[in-house]
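Trainee: Chain residues, written in single-letter form:
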Amino acid sequence: MIWTNAVIQGLLLGGLYAIFACGLSLMFGVMRLVNLAHGDLGVLGAYFAIILVEHLGGNPLWTFAAVIPVAAIVGYLLQRFLLDHALNGGELSPILVTFGLSIIIENLLQQTFGANDQSLDIGALSYQSWKITSDIYVGRLNVIIFVIAVAVIVALQLFLSRSRAGRALRATADNRRAAALSGIDPKRTRALATSIALATVAIGGLFLAMRSSFAPTSGSADLLFAFEAVIIGGLGNLWGTLVGGLVLGVAQTVGRQINPADGILIGDLVFLAVLAFRPQGLIASRAVAAR
Amino acid sequence: MSVFVSEERRDVVVTRGTFGSRLALGVALAVVVALIFAPAVAGDSATNNLTRFLILLIMAIGWNLVAGYGGMVSIGHQAFIGFASYAVLDLSIHGILAWYAVPLAILLSGVISIPVSWLAFRLRGGYFAIGTWVIAQVFQLVIAQQSNLGGGAGASLNDLNNLNPINRDNITYWLALGLTVIALGVTGLLLRSRVGMALVAVRDEEFSAAATGVNVVRTKRLVFVLSAAICGGAGALLCLSNLEVQPNSAFSIQYSAFMIFMVLVGGIGSFEGPIIGAIIFFILQQSLASYGAWYLVILGGFAIIITLWLPRGIWGALDPGHRRSLVPLRHHVDFDEIE
Numbered sequence: 337m338i339w340t341n342a343v344i345q346g347l348l349l350g351g352l353y354a355i356f357a358c359g360l361s362l363m364f365g366v367m368r369l370v371n372l373a374h375g376d377l378g379v380l381g382a383y384f385a386i387i388l389v390e391h392l393g394g395n396p397l398w399t400f401a402a403v404i405p406v407a408a409i410v411g412y413l414l415q416r417f418l419l420d421h422a423l424n425g426g427e428l429s430p431i432l433v434t435f436g437l438s439i440i441i442e443n444l445l446q447q448t449f450g451a452n453d454q455s456l457d458i459g460a461l462s463y464q465s466w467k468i469t470s471d472i473y474v475g476r477l478n479v480i481i482f483v484i485a486v487a488v489i490v491a492l493q494l495f496l497s498r499s500r501a502g503r504a505l506r507a508t509a510d511n512r513r514a515a516a517l518s519g520i521d522p523k524r525t526r527a528l529a530t531s532i533a534l535a536t537v538a539i540g541g542l543f544l545a546m547r548s549s550f551a552p553t554s555g556s557a558d559l560l561f562a563f564e565a566v567i568i569g570g571l572g573n574l575w576g577t578l579v580g581g582l583v584l585g586v587a588q589t590v591g592r593q594i595n596p597a598d599g600i601l602i603g604d605l606v607f608l609a610v611l612a613f614r615p616q617g618l619i620a621s622r623a624v625a626a627r
Numbered sequence: 013m014s015v016f017v018s019e020e021r022r023d024v025v026v027t028r029g030t031f032g033s034r035l036a037l038g039v040a041l042a043v044v045v046a047l048i049f050a051p052a053v054a055g056d057s058a059t060n061n062l063t064r065f066l067i068l069l070i071m072a073i074g075w076n077l078v079a080g081y082g083g084m085v086s087i088g089h090q091a092f093i094g095f096a097s098y099a100v101l102d103l104s105i106h107g108i109l110a111w112y113a114v115p116l117a118i119l120l121s122g123v124i125s126i127p128v129s130w131l132a133f134r135l136r137g138g139y140f141a142i143g144t145w146v147i148a149q150v151f152q153l154v155i156a157q158q159s160n161l162g163g164g165a166g167a168s169l170n171d172l173n174n175l176n177p178i179n180r181d182n183i184t185y186w187l188a189l190g191l192t193v194i195a196l197g198v199t200g201l202l203l204r205s206r207v208g209m210a211l212v213a214v215r216d217e218e219f220s221a222a223a224t225g226v227n228v229v230r231t232k233r234l235v236f237v238l239s240a241a242i243c244g245g246a247g248a249l250l251c252l253s254n255l256e257v258q259p260n261s262a263f264s265i266q267y268s269a270f271m272i273f274m275v276l277v278g279g280i281g282s283f284e285g286p287i288i289g290a291i292i293f294f295i296l297q298q299s300l301a302s303y304g305a306w307y308l309v310i311l312g313g314f315a316i317i318i319t320l321w322l323p324r325g326i327w328g329a330l331d332p333g334h335r336r337s338l339v340p341l342r343h344h345v346d347f348d349e350i351e
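Going down the list, the sequences are from chains C and U.
Heads up: the first sequence is residues 337 to 627, going by this note's numbering.
Heads up: the second sequence is residues 13 to 351, going by this note's numbering.
Hints are computed from structural coordinates only; laboratory data are not their basis.
Hints are not guaranteed to be accurate.
Estimated spans, in silico, between C-beta atoms of each pair [as the list claims (entries may be wrong)]:
#	chain 1	residue 1	chain 2	residue 2	range
1	C	596	U	307	30 to 38 Å
2	C	519	U	317	30 to 38 Å
3	U	216	C	513	15 to 23 Å
4	U	165	C	452	14 to 22 Å
5	C	447	U	48	36 to 44 Å
6	C	499	U	197	58 to 66 Å
It should be emphasised that the depicted structure is a prediction, and the values quoted were computed from it without experimental measurement.
Glycine is no exception: its CB is placed at the ideal position from the N, C-alpha and C atoms.
Chain U extracted, bound-state conformation (with noise of 0.2 Å):
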């Protein structure tokens, strides 16, 4: 992507968003309004499916930010959902309800990121792929020795077991919503700020980003523990909707497949992608998880094939000129905002 402005996006600048990202913003508060309202009618099962999907989709916005955003391939971000997920359990060992774990997992995988990215940025490219994935699987290997959260078995959370459990996934629902609905208006503000000029920069050209007074290193750290906290979302709330946390399963590989999948499929660094990413990918993980293996060979497949012949996914062959997007970001590209 370029950051070439054409006179008549200049316009839009001006005018502050189109009709289509002002429609879009009406669309999005209805939709986020009929969901808040959505376990009313939909029953217990729909909602927990709801609360899978929308788990997803928290992944694939932090995924993009630190991938499409950020240009770091990292295939090691379930470092953090199982770090999350984990420190939701430990939290209510230590007697913190598992509602109020969330936000501290969040945070802590956010904190734990920056170590991470101080070893992780010592790599580029492919090798900086690998490298994540050798720190995840660091954190796993000591997860998997604490016996207090259960060893290499893992452990339940117990401390919901009193609720209600309509109650209890009702909870998890909302705390899911909100959490989208935080992750997607972070993103969409970074975007907004000159971070977020200074990181499609970097990830255009870092040479030229540095030379034009862009600190590389801060601004690729700053993305890319955002998009752990982001990811630590995700792993929190997993570890509420199953209840029990595993190391396997946990730290698992696949989510970093599920993640690379939707946002290619969706559109890699675009705001709108991993959306409909997560909702092509969770349909279709309704439909062929009766495949075993089968649907991880699709999967694959699909991640070969769109990289290849559909580089910008979905969202790109829609918009191919960058003109109908949703989400009033790209009028950041003024250059007369800077001075």
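Just chain C, with the same shape it has in the complex (with noise of 0.2 Å):
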């Protein structure tokens, strides 16, 4: 029993990791490019919750309303002034400058915010839960979480597949310069995809902030864990991404049930072995090989 509800509560985990990742997956799908500072933004987004709220007051959950079209102009305005920029300088330029934004956010948080664990109080939500049997009960939160992001991802994915803008997306990820001739603002579209990455990463920074505790470092660890997450699904698959953010929590959260100091190991090892046994991803795209 304790192991179906592992891996209940790694699916749920998952779906967090889903959501970290779907962004970093659209970026690269777009303009190849990795934003190495992914998922230091989305914690930065999770400081400015815990700003508006010290100010403001209210529950935290109020604060998606802000700070997800915050996220996304910073996603547009990151895109046209920096990593255009970065784009034009060659291979090794985005991950150069994404790596040093890394950097940035995090010393700076650390600078402002000390490296103390915070969270965001939302109350009786974040310990409430619902009994599935007598040994098995999942948080109200965690199911939330779980739920928002599979929505999240669906309706990417609809936006992607049915709306002009979504069209363009995907034009330009197949082949920019057959997207740029027939009319695709190339610029426009690469913002956009920041923009909603940044939007994506903000939703998951919030979550996380809600279901445990970030530091100004986690950024990293939620980068590390949505690059597993692409890798595992496969490159340039929403779906895969999906389904690999869920192999991922559920590995976690087993590894933990195994050896408490071992989840993030185990999650590791599965990413690996994916690697070098499948290296395709689980959902293997038909477009796009591994690289």
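Using the hints, build the complex out of the two chains.
Mentor: Structure below.
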């Protein structure tokens, strides 16, 4: 029974990883850019929420309404004023620029808020749970996070497959030059991708802050989990990213059940096993080979 | 960087090196000789500072090799730094004197980097970068569970306790100096060899290099292993210099930040770059250490600014046409020699 419980809790945790991962995956798909500051930007959103609650009060749940649009705007500006330049600078430059950004964000947060763990207290919701069987309880918040994670990914998938802007994103991902030739503005498309990525990672950052605790350096851990989810699931495929997040969540939770200190390590090992034996990911996309 | 060779440069090739490079070699030899005798004049704390500087320089040389010449941005080379630190500790627990453990640790770092490359090479670009980071995390998590190595709290290196501290520090310093010279020498010789030319070709355009018969994967793996061994050397020296090892600091991502900063500032993909970068970083570190996290904010800011506006670093700005190279590496770009 403890194993069933571990798997259920792992699936719920995996939803959170999938939220973190989908933006990373989207940006990579559209512009072949891996944003090493991705996790830090989510954590930045969580600190923004802390400030908002400190000054304006109320249940932190309302901060979603403020943090998500701000994150989207920050994403737009980030793309226009930093990442677009980095993309022009050759292959290494986006990696180095986003790593520099990650160092700046983590240490600025550390300098401003200290290294201590923080969390967003959302009251009763954080400890209420539903009883499944006599042994298995699921936290209400965790279930809500999971449902929203799936909803975000479904919405993103629908947006990509049905809307005009989504078509532009997919076209740019497939072939940037051909997309530009058929009248898609590459700058706008890239900025849109980064806006969406930052909005989703901000959702992830807030949920992380409500569900457990976070610190200035949490962003690196979140980046690694998001990345593992993307690779486990398979590049270029949002369903894969969701599956990758769930697999990683289950691996970590089951690992923690085996030995409390081993959760992250078991997750890493599952990632390395996928890399070794199925580098295209569990759900291989038709269009994109692992590269 | 292109592999275009002007006629003028071919003359340089024929005369093997330039006046500048011969002068530089002479100066370098004089500097090394002076550094050998430095502990006699410098006193213990200055010697320890020099050791720390040389360790940083060795890291920069290793990272420049993998990123600047290999085109692979690794942010997981702290795996090899920490691994070698722990290798020295482990070997000394098993009765091998710490000095002799250093070359073994370097060798082991090179060996362990081969299976690492099998996994990491499945990823490219930014995903390669995060992939190496995950692998470094795995190294840390596994080693932190070895109770004979002190687990998460780490352990002290007790092997050298009965030595006179000044003698001990001096020997560590000479080891660091020796390893620096070896790392520079190996890098220089590698780049002068055919492999070096293949390497630059792979970095500049992988598909064209493959089309001209370069074994791309083998060339990249060679440079990855070599850089892992060099960073392992820095890690082994860190163990001797700190006399203790602790998983969080031995595998710290900060080492990657330091290496990236030094190499970018000095000039990525140039032989001289890491040396200039290490000197600047060491001075910055000494003067900004009291500012805590701010100094890392500044490092990150510089990394961005230099990447965007000075992509070839300080050395690139001093030597825009590759004419002043202090090391005669470039004469390799001579197509007659291949035949």
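Trainee: With reference to the structure, classify each hint as holding or not holding.
Mentor: Each hint, compared with the structure:
| no. | hint | result |
| --- | --- | --- |
| 1 | C:596 - U:307: 30 to 38 Å | holds (35 Å) |
| 2 | C:519 - U:317: 30 to 38 Å | holds (35 Å) |
| 3 | U:216 - C:513: 15 to 23 Å | holds (21 Å) |
| 4 | U:165 - C:452: 14 to 22 Å | holds (21 Å) |
| 5 | C:447 - U:48: 36 to 44 Å | holds (41 Å) |
| 6 | C:499 - U:197: 58 to 66 Å | holds (59 Å) |
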